Amino acid sequence: MDIKRIGRNPATDPSRSRGSQISVHNGTVYFAATPDRPFDPGASVTVQTQQMLKRVDERLALAGSDKSRILAAHLMISDMRHFAEMNAVWDAWVDQDSPPVRACGACDLGSPDLKVEVIITAAVK
Amino acid sequence: MDIKRIGRNPATDPSRSRGSQISVHNGTVYFAATPDRPFDPGASVTVQTQQMLKRVDERLALAGSDKSRILAAHLMISDMRHFAEMNAVWDAWVDQDSPPVRACGACDLGSPDLKVEVIITAAVK
Amino acid sequence: MDIKRIGRNPATDPSRSRGSQISVHNGTVYFAATPDRPFDPGASVTVQTQQMLKRVDERLALAGSDKSRILAAHLMISDMRHFAEMNAVWDAWVDQDSPPVRACGACDLGSPDLKVEVIITAAVK
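Chains as they are written, first to last, in the numbering used here: chain W, 244 to 368; chain X, 244 to 368; chain V, 244 to 368.
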């Protein structure tokens with residue numbers, strides 16, 4: 244079974260790679276998504292979550308999937324005080340007929356300006 | 244390959260869904276489990292872990308699996324001071340002939356009353 | 244589809260098991276990796292990350308995979324101040340032609356002496 248890689252995240256040395264943006268294997272899609280880079284510390288949790296979920300939609304489309312086929316979403320937020328605000332955007336976005344399982348923890352993320360990140364496992368169509 | 248969803252977690256607006264309780268796809272089961280809701284801040288780590296693992300057993304059964312078929316368990320606890328107490332319950336529960344891989348980190352969880360949560364990936368029988 | 248377990252992590256009572264070191268199912272490999280035990284608080288983030296990635300290579304080999312076939316890597320570091328130092332070791336190690344997707348959060352880990360841990364999902368060859 245082959246692995247398909249889509250997109251590339253640069254290393255600190257931009258001539259090198261730190262990771263792929265999407266991995267696909269055996270009918271399953273793996274990726275993480277953040278808000279738009281550079282992260283805007285002035286962007287609200289609402290705006291950062293909207294940007295992140297737009298990227299989730301885009302990456303699912305690139306991998307031949309869509310939000311009705313997300314299997315699991317592992318959310319990470321920088322402060323649990325953001326939980327309700329993030330959830331409001333999630334609740335409006337998530338597919339009502341076929342939502343994924345979900346977990347969320349609060350931890351420091353890769354930039355102090357980053358408020359929300361998600362790790363997605365999805366099924367190809 | 245079809246996706247099977249089992250159970251539903253309500254959104255803040257209870258007429259909407261925030262997520263499914265279980266996703267099954269390609270012979271693999273995905274879910275997260277917490278102690279009983281509403282979370283009881285007076286319940287010890289032992290009690291909360293017992294409730295959580297009872298729910299793991301229940302969800303595995305609903306999905307056509309059992310604890311001997313868990314592939315990976317990602318534990319999240321609210322404070323690393325709970326680690327030994329959570330582990331004692333885990334060690335007594337986990338299948339001795341076919342235990343999963345495991346990782347654990349400490350982070351704030353979705354309620355200040357929630358002390359332990361687990362993200363499970365398992366194989367259908 | 245059968246599950247293959249490789250290796251064993253002992254429970255607090257060393258006659259019992261807390262988990263397996265590697266699970267393999269349906270062409271997919273699951274494991275977590277830490278630096279060498281006992282964790283050395285005097286070891287730099289660089290050294291702990293090198294030890295951890297050596298263990299990743301070893302476990303992938305045991306499972307019939309290699310680092311070009313990692314699908315997703317979920318890194319956990321004990322303090323986001325370690326991020327750049329961990330990344331420098333990662334960037335030098337990761338397969339440049341076929342890197343995984345990656346996410347990283349900072350949280351307390353299972354020992355105060357443990358600075359970095361990774362949860363790996365990979366494809367068997």
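These are computed hints drawn from the structure, not numbers from a lab. From a predicted model like this one, the values you see are computed outputs, not experimental measurements. Ideal placement from N, C-alpha and C gives every residue a C-beta, glycine not left out. Worth double-checking, as some hints may not be accurate.
Residues on chain V that point at chain X, a partial pick, calculated with CB under 8 Å [as the list claims (entries may be wrong)]: (1) Ser-260; (2) Ser-266; (3) Asp-279; (4) Phe-282; (5) Val-290.
Evaluation of the provided hints:
no. : hint    : in the structure
1   : Ser-260 : holds (5 Å)
2   : Ser-266 : holds (4 Å)
3   : Asp-279 : violated (17 Å)
4   : Phe-282 : violated (13 Å)
5   : Val-290 : violated (21 Å)
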